[in-house]
Amino acid sequence: MSPWERRERGGLYYTRSKKVNGKVVREYVGGGILGELAARMDAEERLRRKEEAVAWREEREHLEELADLVDELCEDVETITHAALLAAGFRRHKRAEWRRRRGPRTGAEE
Amino acid sequence: MDREQVQKSKLALQPYEDRPVGCPPDPDLSAMTKEELDTRRETVERLRGLVKKAEKGDKKAVPEIREILQQNPDLAWRFTNVGRVAEWSLIEKVTKEKDLASKDMMSFQLESMREEVAGSSPSPLERLLAERVVASWLQVQLFEGLYVQNMGNLSIRQADYYQKRLDRAHKRHLSAIKTLAQIRKLGPAVQINIAEKQINTAG
Numbered sequence: 001m002s003p004w005e006r007r008e009r010g011g012l013y014y015t016r017s018k019k020v021n022g023k024v025v026r027e028y029v030g031g032g033i034l035g036e037l038a039a040r041m042d043a044e045e046r047l048r049r050k051e052e053a054v055a056w057r058e059e060r061e062h063l064e065e066l067a068d069l070v071d072e073l074c075e076d077v078e079t080i081t082h083a084a085l086l087a088a089g090f091r092r093h094k095r096a097e098w099r100r101r102r103g104p105r106t107g108a109e110e
Numbered sequence: 111m112d113r114e115q116v117q118k119s120k121l122a123l124q125p126y127e128d129r130p131v132g133c134p135p136d137p138d139l140s141a142m143t144k145e146e147l148d149t150r151r152e153t154v155e156r157l158r159g160l161v162k163k164a165e166k167g168d169k170k171a172v173p174e175i176r177e178i179l180q181q182n183p184d185l186a187w188r189f190t191n192v193g194r195v196a197e198w199s200l201i202e203k204v205t206k207e208k209d210l211a212s213k214d215m216m217s218f219q220l221e222s223m224r225e226e227v228a229g230s231s232p233s234p235l236e237r238l239l240a241e242r243v244v245a246s247w248l249q250v251q252l253f254e255g256l257y258v259q260n261m262g263n264l265s266i267r268q269a270d271y272y273q274k275r276l277d278r279a280h281k282r283h284l285s286a287i288k289t290l291a292q293i294r295k296l297g298p299a300v301q302i303n304i305a306e307k308q309i310n311t312a313g
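Line by line, the protein sequences give chains A and B.
Sequential numbering of the first sequence, starting at 1, is according to my numbering.
Sequential numbering of the second sequence, starting at 111, is according to my numbering.
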């Protein structure tokens with residue numbers, strides 16, 4: 001919906017729509033130079049927000065890439081550590097503590 | 111394979127303890143080709159699957175794990191390089207582009223920290239875990255720094271993102287410390303073949 005509303009007398013009137021308590025409410029700003037000025041300010045504000053959103057998205061993507069490098073390293077090192085411990089004859093007790101496997105190894109493990 | 115590549119692979123196969131103490135080589139980015147990365151990922155994926163099986167009681171998984179570790183004796187060393195690459199990227203982010211002195215100083219500090227965390231005569235596994243402790247610590251510093259630096263200008267959504275990322279980084283860092291402590295606690299009774307040669311764990 002255009003923010004410019006045509007009045008009965010023929011002039012254009014600038015309006016803003018905003019949400020108040022979940023309902024869309026129309027704010028009547030003005031016509032003529034006042035309306036033009038408000039429209040320009042709103043357009044600039046929209047552009048600023050859009051640019052900010054793009055900048056934040058780019059920053060976030062970059063941060064995610066950096067974090068992924070460390071996250072991947074952490075997960076892989078954890079896997080290698082568990083593999084090394086299992087290979088050395090340890091077992092994890094209650095998904096926490098590592099304990100040495102008791103008794104001789106079974107044939108399947110040799 | 112050209113001469114340079116041969117030299118690089120010789121270095122990769124050189125036992126860690128034979129290299130200058132406190133002076134490991136820079137990460138060899140050129141050695142991390144897509145093919146090598148894919149192979150490494152595939153190896154770790156196989157290990158991950160087998161570890162899950164073994165932890166569920168599948169006894170056939172353990173010999174397969176041993177076989178993979180024996181077939182990839184330089185696995186730990188390769189991951190040291192991955193750790194350095196992650197570290198370099200984080201340093202780039204937290205320092206200004208042309209501030210070479212800060213980059214250098216931070217690199218040096220991290221190296222000292224790594225040596226301190228790894229302790230004296232660390233096994234390759236301990237080295238690897240120390241690498242992880244330092245990398246995860248740096249990640250905590252990054253998100254903490256960014257959060258504090260931008261605190262006044264953050265939207266609720268942005269603050270929420272930083273907070274969640276920071277929580278995750280803390281969790282990873284604590285987990286890294288815990289695993290290293292566990293390995294040290296287990297003592298010398300085991301031989302773990304994850305580096306260039308079979309080694310005794312410290313203790």
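Worth double-checking, as some hints may not be accurate.
Listed next, the in silico BS3-like pairs over lysine-lysine satisfying Cα-Cα at most 25 angstroms (straight line) [to be verified]:
#1 K274(B) <-> K166(B)
#2 K50(A) <-> K23(A)
#3 K162(B) <-> K281(B)
#4 K18(A) <-> K50(A)
#5 K162(B) <-> K288(B)
#6 K274(B) <-> K163(B)
#7 K295(B) <-> K203(B)
#8 K166(B) <-> K288(B)
#9 K274(B) <-> K295(B)
#10 K213(B) <-> K94(A)
#11 K206(B) <-> K94(A)
#12 K144(B) <-> K94(A)
#13 K94(A) <-> K203(B)
#14 K144(B) <-> K295(B)
#15 K288(B) <-> K94(A)
#16 K203(B) <-> K274(B)
#17 K203(B) <-> K144(B)
#18 K295(B) <-> K281(B)
#19 K213(B) <-> K203(B)
#20 K94(A) <-> K295(B)
#21 K94(A) <-> K162(B)
#22 K281(B) <-> K94(A)
#23 K19(A) <-> K50(A)
If you're looking for bench data, these hints aren't it; they were derived computationally from the structure.
Right, here's what the structure says about each hint:
With a C-alpha separation of about 31 angstroms, the suggested pairing of K274(B) with K166(B) is violated against the 25 angstroms cut-off. Restraint check for K50(A) and K23(A): satisfied, since their Cα atoms lie roughly 24 angstroms apart, inside the 25 angstroms limit. Of the pairs offered as hints, the one joining K162(B) and K281(B) holds, with about 21 angstroms between alpha carbons and a cut-off of 25 angstroms not exceeded. Our distance criterion of 25 angstroms between C-alpha atoms is met by K18(A) and K50(A), whose separation comes to about 18 angstroms.
For the suggested pair K162(B) and K288(B), the alpha carbons sit about 20 angstroms apart, so the restraint of at most 25 angstroms is met. Of the supplied pair hints, the one linking K274(B) and K163(B) is violated, its CA atoms being roughly 31 angstroms apart against a limit of 25 angstroms. For the proposed pair K295(B) and K203(B), the alpha carbon gap of about 36 angstroms is over 25 angstroms, so the pair is violated. For the hint linking K166(B) to K288(B), the alpha-carbon distance of about 22 angstroms falls within 25 angstroms, and the restraint holds.
Taken as a hint, the K274(B) and K295(B) pair is broken in the structure, with Cα atoms around 32 angstroms apart against an allowance of 25 angstroms. For the hint linking K213(B) to K94(A), the alpha-carbon distance of about 43 angstroms lies beyond 25 angstroms, and the restraint is violated. With a CA separation close to 46 angstroms, the supplied pair K206(B) and K94(A) exceeds the 25 angstroms bound. Distance restraint check for K144(B) and K94(A): the Cα-Cα separation of roughly 38 angstroms exceeds the 25 angstroms cut-off, and the hinted pair is therefore not satisfied.
Annotation: proposed proximity of K94(A) to K203(B) is violated, straight-line Cα distance about 39 angstroms (limit 25 angstroms). Taking the CA atoms of K144(B) and K295(B), the gap is near 37 angstroms; set against the 25 angstroms cutoff, the hint is violated. A hinted pair counts as satisfied when its Cα atoms are at most 25 angstroms apart, and K288(B) with K94(A) qualifies at roughly 16 angstroms. Taking the CA atoms of K203(B) and K274(B), the gap is near 19 angstroms; set against the 25 angstroms cutoff, the hint holds.
A threshold of 25 angstroms between alpha carbons decides the hint, and for K203(B) with K144(B) the separation of about 24 angstroms falls inside it, so the pair holds. Of the supplied pair hints, the one linking K295(B) and K281(B) holds, its CA atoms being roughly 21 angstroms apart against a limit of 25 angstroms. For the suggested pair K213(B) and K203(B), the alpha carbons sit about 10 angstroms apart, so the restraint of at most 25 angstroms is met. For the hint linking K94(A) to K295(B), the alpha-carbon distance of about 17 angstroms falls within 25 angstroms, and the restraint holds.
Proposed proximity of K94(A) and K162(B) is supported: the alpha carbons are some 14 angstroms apart, at most 25 angstroms. In summary, the hint linking K281(B) to K94(A) is supported, as the alpha carbons are separated by about 20 angstroms, within the 25 angstroms threshold. Distance hint between K19(A) and K50(A) is fulfilled; the C-alpha atoms sit about 19 angstroms from each other, no more than 25 angstroms.
Checked against the numbered hints given earlier, this structure breaks hints 1, 6, 7, 9, 10, 11, 12, 13 and 14; the rest are met.
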